[in-house]
Structures are given as C-alpha cells and as structure tokens.
Amino acid sequence: MNSFSKTFPTAVIKGGQFHFAQSIWKKVKKYNLVQLGKEEETRRELANILALPLIPPNRIDEAFSDIVENISNISPRFLKLTDYILKTYVENPR
Numbered sequence: 107m108n109s110f111s112k113t114f115p116t117a118v119i120k121g122g123q124f125h126f127a128q129s130i131w132k133k134v135k136k137y138n139l140v141q142l143g144k145e146e147e148t149r150r151e152l153a154n155i156l157a158l159p160l161i162p163p164n165r166i167d168e169a170f171s172d173i174v175e176n177i178s179n180i181s182p183r184f185l186k187l188t189d190y191i192l193k194t195y196v197e198n199p200r
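For the sequence shown, our numbering gives the first residue as 107, with consecutive numbering after it.
Hints were generated in silico from the structure; no laboratory data involved.
Each hint can be trusted.
Below, a list of computed lysine to any residue pairs in the SDA-like style, where the Cα atoms sit at most 25 Å apart: (1) K186 x R149; (2) K133 x R150; (3) K186 x F124; (4) K135 x L158; (5) K135 x A153; (6) K186 x A157; (7) K136 x T188; (8) K120 x A153; (9) K133 x R183; (10) K135 x D172; (11) K135 x L185; (12) K132 x N176; (13) K132 x R150; (14) K120 x K186; (15) K186 x L158; (16) K120 x L156; (17) K132 x L158.
Can you make the complete structure from the sequences, with help from the hints?
Right, dumping it as structure tokens:
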C-alpha cells in the first residue's frame, strides 16, 4: 500500500477487490443463487458485477444499470442481490 500511495498520492482507497468479491459470493450463497450461477449467461453477469470496482467511477451507474437489466431478465431472484449491491456499494460506497 505504501508504494501505491507514493505512486498515486491523490488516490482514495475504499476497500479491495478481494473483499468485494467475497461479500458478493456470500450473498449469492445466502440468497440461494449458486445453482442459477452455473448457467453461462449468469456467470457472465456475475463476472460483470465482480468487475464493477475496476470501472471508472463516472461509468459505474450506467454499467450497474445494464447488469441489473440483464441479470433480472435471467431470473428475478437476482433482484435481492442487485438491491444489496446498489445499497452497499453503488449508492453508499465505503
């Protein structure tokens, strides 16, 4: 972290990719979405969710809206997951 801070002194670090992915996976299991996650189309959207922290901040809202639309068309059961992500990471990022 120290060398990162030296290289990017104005960057604000708000969590990490590993912990974000871990929290998403825990919710996938909690909401019983693991079986649905085995479908290729669903895996692609879950991968898109896990990539959200890598997107420039000014594009996250648009990307997340696309993900919600796509994944809710696969199964409305994913709406609990996307609501959690919206409230926890998109609207109120840590």
